[in-house]
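**Student:** These are the residues of each chain, in order.
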Amino acid sequence: MLKTTFLTLIMLFSLSNIAQEKFTISGSVKDNTNGEDLIGVNVLIKELPGVGSATNVYGYYSLTVPAGNYTLIYKYVGYNTIDENIEVSKDIVINKELIPESAELMEVKVTAVKDDENIKSNEISTIKFDPKEIETIPVIFGEKDILKTVTLLPGVSSAGEGNSGFFVRGGGADQNLILLDGALVYNASHLLGFFSVFNSDALKDINLVKGGMPAEYGGRVSSVMDIKMKEGNSKGLSVSGGIGTISSKLTVEAPIVKDKGSFMISGRRTYADIFLTFAPDENIQNSTLYFYDLNLKANYTVSEKDRIFLSGYFGRDRFGFQDQFGFDWGNATGTVRWNHIYNSKLFSNTSFIYSNYDYRINIGAAGFSFGSSIQDFNLKQDFQWFANDKHNIKFGINAVHHTFSPGEVEVTNDAPLQASEVQKSIGFEGAAYISDEFKISPLFNVVYGVRYSNYAALGNGDVFEYNEVGEVINTLNFEKGEVVKWYHGIEPRLATNYILNDVSSVKASYARNNQYVHLLSNSTTGSPTDIWLPSSNNIKPQISDQFTLGYFRNFKNNMFEFSVEGYYKTLDNLIDYRVGAELNFNAQVEGDLVYGEGRAFGTEFLIRKKKGDLTGWVGYTLSRSQRQFKEINNGEWFSARQDRIHDISVVLMYSFSERIKASTSWIYYTGDAVTFPNGKYEMDGTTYYYYSERNGYRMPNYHRLDLGVTFYGKKFKTVIDPVTKEEVQKEKRFQSNWNVSVYNAYARENVFSITFRESETNPGQSEAVQLALFKIVPAITYSFNF
Amino acid sequence: MKIKNFKTAYIFSILSLGFLSVSCEKVVQLDLNEIEETYIIDGMVSNIQDYNYVKLSKLSGFYDNQVGEGVSGANVKVEDEDGNVFTLTETTQGLYTNPLLLGQAFKKYNLTIEVGNETITAETSIPGNVEIDTIEIQEVTSPFFAGDFVGFVYWIDDENAENYYRIRAFENSKKTSPLYISSDVLYNGIRTGTPLFTNELYLNDTLRIELMQIDKQNYNYWNSLAQNADVQNPPAAPGNPEGNIVGTNATGFFGGYNMAIDTVIIE
Chain B
0 MLKTTFLTLI MLFSLSNIAQ EKFTISGSVK DNTNGEDLIG VNVLIKELPG
50 VGSATNVYGY YSLTVPAGNY TLIYKYVGYN TIDENIEVSK DIVINKELIP
100 ESAELMEVKV TAVKDDENIK SNEISTIKFD PKEIETIPVI FGEKDILKTV
150 TLLPGVSSAG EGNSGFFVRG GGADQNLILL DGALVYNASH LLGFFSVFNS
200 DALKDINLVK GGMPAEYGGR VSSVMDIKMK EGNSKGLSVS GGIGTISSKL
250 TVEAPIVKDK GSFMISGRRT YADIFLTFAP DENIQNSTLY FYDLNLKANY
300 TVSEKDRIFL SGYFGRDRFG FQDQFGFDWG NATGTVRWNH IYNSKLFSNT
350 SFIYSNYDYR INIGAAGFSF GSSIQDFNLK QDFQWFANDK HNIKFGINAV
400 HHTFSPGEVE VTNDAPLQAS EVQKSIGFEG AAYISDEFKI SPLFNVVYGV
450 RYSNYAALGN GDVFEYNEVG EVINTLNFEK GEVVKWYHGI EPRLATNYIL
500 NDVSSVKASY ARNNQYVHLL SNSTTGSPTD IWLPSSNNIK PQISDQFTLG
550 YFRNFKNNMF EFSVEGYYKT LDNLIDYRVG AELNFNAQVE GDLVYGEGRA
600 FGTEFLIRKK KGDLTGWVGY TLSRSQRQFK EINNGEWFSA RQDRIHDISV
650 VLMYSFSERI KASTSWIYYT GDAVTFPNGK YEMDGTTYYY YSERNGYRMP
700 NYHRLDLGVT FYGKKFKTVI DPVTKEEVQK EKRFQSNWNV SVYNAYAREN
750 VFSITFRESE TNPGQSEAVQ LALFKIVPAI TYSFNF
Chain P
0 MKIKNFKTAY IFSILSLGFL SVSCEKVVQL DLNEIEETYI IDGMVSNIQD
50 YNYVKLSKLS GFYDNQVGEG VSGANVKVED EDGNVFTLTE TTQGLYTNPL
100 LLGQAFKKYN LTIEVGNETI TAETSIPGNV EIDTIEIQEV TSPFFAGDFV
150 GFVYWIDDEN AENYYRIRAF ENSKKTSPLY ISSDVLYNGI RTGTPLFTNE
200 LYLNDTLRIE LMQIDKQNYN YWNSLAQNAD VQNPPAAPGN PEGNIVGTNA
250 TGFFGGYNMA IDTVIIE
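From first to last, the protein sequence lines are chains B and P. Residue numbers for the first sequence follow numbering that gives the first Met the number 0, so the first one is 0 and each next one is one higher. Residue numbers for the second sequence follow numbering that gives the first Met the number 0, so the first one is 0 and each next one is one higher.
Don't read these hints as lab results, they were simulated from the structure. As the structure is a prediction and not an experimental result, all values here were calculated from the model. Careful: at least some of the hints might be erroneous.
Said to hold, decoys possible - Computed list of lysine to any residue pairs in SDA-like fashion (alpha-carbon distance at most 20 Å, straight line): (1) B/K539 <-> B/I489; (2) P/K215 <-> B/E467; (3) P/K25 <-> B/I489; (4) P/K57 <-> B/Q764.
Claimed, not checked - Stretch by stretch, here's where chain P covers chain B in the computed footprint (C-beta under 8 Å, at least three residues): (5) 416-428; (6) 671-682; (7) 692-704; (8) 760-771.
Unchecked claim - Residues from chain B that face chain P, not an exhaustive set, calculated with beta carbons under 7 Å: (9) L518; (10) N521; (11) V578; (12) G579; (13) T685; (14) T686; (15) Y687; (16) Y745; (17) E748.
Note that beta-carbon positions come from the ideal geometry of N, C-alpha and C, so glycine has one too.
Isolated chain P (complex conformation):
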């Protein structure tokens, strides 16, 4: 449960002050320091075939025209806790995969990347199963929402463990999802759910929901990223999330996910 609704109130108050004054937004050019060469690792090991990969890219300067350009020619290996080693090969620029690699619940995975003179490592784990209980769609008429509908996803939390979740929700054929992160502090062991406020939904849209159980380190990483990305209510002192990447010039995350996927059409 993330307390984010303050943001709404904030916008609301700024809007109401708008009765009396005009706020003014404008793009400015900042004089920013040079970046140091840094590798970015975005890796995933999961129980779903398509979601086992490592993306290797380089940090871009703030004013660079592109972001996430892949790095080729790296040696990428994933080893599970039983000692099985999977070598990942480059399928498209910077994307490394191995069709034999399929994550299993309650297992640990080690990543090793050799690129240039660098050796980068990371360790993650895949928690237990989680199932989507129901998906609900509610019609909304409120100034807070961009779309006409809000989706809610429900699942049952395991009482005997501290559980952490990440949800991806894609409208129609969209390739990116808003970031939804949740922990069971407020719903240990019950049927729970979360609204997917950030997805903009209209009649006849398709909504694909991926509910993923993750470990605490994984939760902390995405939660930090979410805080930094919060434009309306930015943290007083933004910084780079710590993640689990070990290496002198590398950052990012290699995460284990136990996923459940479901799709609904809004009728």
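Chain B extracted, bound-state conformation:
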């Protein structure tokens, strides 16, 4: 398979290598106001329709043209287009800085860019966000959160009320590859899921791929969420911050050396614990409750061809009560990255990435503490070869060393327990990929590629084999580093776009993904104590195959974007649990697991308006997500918890004036599939409930309206031009806004959980009790930047 792909590639190049003298124009494109790299800027040649390049995630572009005089066009949504006449008689480097439209005075608003990227690009099932675009959308507690906002789009659903976990196209919460500057984030939530670890102020670009993942991504079967942090302002000092109901945050950006290097440091901390000190109860006063995030990034241009980046994320949640009880968890990631331009056509990116997640629970009262962790060292080498005007090739390799520590216990001297540790699992995950974006004709392009991935579970002691009912039948001992089990697989990837006309296109994709690490979670909302387990002699890799077909159409001069996408996804080797499975601190946890398969299919409709005073979108998804396990429901297909058949979201943003912007969102979805008891019985004098089928019932349907309004301070001030003596509008350096929002505006009692108990008033009678977490939640946030 690999071999044939390479051969095909070679053949394609020999065909297109015509013996005419050609030269390469390359360079980088940045934002003129802060020096941030611009991703996806179209660089086109007016005289050569169909020839062009787009900047990569580091703002680099390269295109190859025959010698001659040309008009080079740089265009990017939200920025003024630049046209430049050039003479090409040798390879040239042109670095450009684009000026954002908003920095111009109102009267000269330029709308030169034809906003039809959604039609022309071969990206399918992809959601792109600039954190700025979504900053006015109301969110719970006024805490901007990209993971929550992304669930307002078709195909992505929230893991629950106020929760930042998400499901993509019927997949599980652990099937999303969440990358922050390339580093894997294992647990993306704070405060038991109510907030994500991503502080919007520190972010530059978010890209969510629901299907047809490019070959450079792999390791999770349902989606890729690639988040890039800001690089830092290389033009001058800038400070932004916010004071909100839950947290405050501050971001400082500045050049290290102007136009050569910059840094960004952003911090956020919650302060619910400050209120605790006002509590009447002394015990509550002595409690700890907060989380924080710290994002750091620095970059430096060493030479014209070399650039170094350092980025890091540290975040932690802390709960505690005096010295009796403590619970804290968090992620730490670090990335060292080196961009190198070998020649005008070959761009290289080398990354060394560290990623860690751990939690620790300290029961001071009983003299012991326990915890679990996962640690990765990851080396990534990516190349982008701008081969010629028809081919843009990406290839690379990736090697990850995983250390999983499922649980260890520490004790103080007088504790009635022994320090102990569940054996660590060590694994090596490797991958190599190649893909080619091939412009077959101006109307038809294809991205095809293949990813080869493998996982070696490495020995480090005892390995168990289990029988049908999960009892250990054999114990094998492996030396450190010895291969216990090796899995590997070929993952073909394909995405095509056929442009029907100026305003419509048809796209299709196929992707296979293998997933070698799995999340064990026995709670419905996800918890910090959930455990990641690697594939082993018992746990096979999860595999997904997804086919997607989409039709894209723009209306009214690209004012409205419409798309409809259908998908069908199969999932193999999914994990579920035996009744009574003990997931924490269990060396033989694999005996408590059962394996099965899944299928998910659906259709997603989206109408989006991107221009004008009124912007927003309406999305509707009709879908199913089902599972089949031999041990569950007699082996029949049953609904996955996230089998939300109907999912509607409406998001509207209206700009009353430059100073007042309002927004609203309304969502509706079918209630989750859940398991309820239908009987009860008594054991040893206590009543227990009896369950007849898995996920045979439904939660009530969910719907909610959120409202928000943002008041901006005066953006411009009137000054007298010292030369012309005329009054001119000058942008103020200090900008600020107030955001007021209401979550769940019509106080719908959405059901968070339904639990069962004996009636207090009528003993012997059982009752079902529903819990609605939030009624109306108002919030106010003040933000500023200068």
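Assemble chain P onto chain B, guided by the hints.
**Tutor:** Only chain P this time, still in chain B's reference frame:
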């Protein structure tokens, strides 16, 4: 050792969010499927005279007014591994006993029930002895505890075996105990103990503690039940514990227990 303290943190966080919002609880009526006729077996064979019995009842519908109504007229027999057969007779509705039946350590016991057209069987074993080493009572002042005191029970674990324990703790004259389940994964061969957090204790209360050594199957059964019964942190996919009952329409557990009993008064 069961990791349950996450629950506390959970409640804690919900409480703190309560500063900003109001959560709302309400009883709802669910439309639930009919149940199938199922026998429930709750049996015990132990080294303590009063704790050798079989309770036979029927599964009730969720919204039924009562639970655990006994089933009369069954033939109930317990046979030990030496071939001694004990016929249990009905003393009160659904409760079957035989004063001659007294469990012994390291022995296996087989249960056979004939009821209606059904034959139900189960097999269990009684592990070795365990003694209560000490009972400690600590005064607590923390929002996590309902009572003023917490009891701790200590015992010495046998190093040469995998040991499993179940503890019952009764305040005053209470007939039911919270469910405490423990295995020696974290304390093999040492003096160990566990806090009895769920018992609500006040000054002058009497606390009766029954420490029981059980086999692995018994541990798994009660552990599963405990998970399902955990209201604060319910399992994502609750189900019925497997148990050791063999029969087409029957569930429950017939367990062997080696018990030690002690009582303290909180002064």
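**Student:** Name the hints, by number, that the structure is in violation of.
**Tutor:** 3, 9, 16
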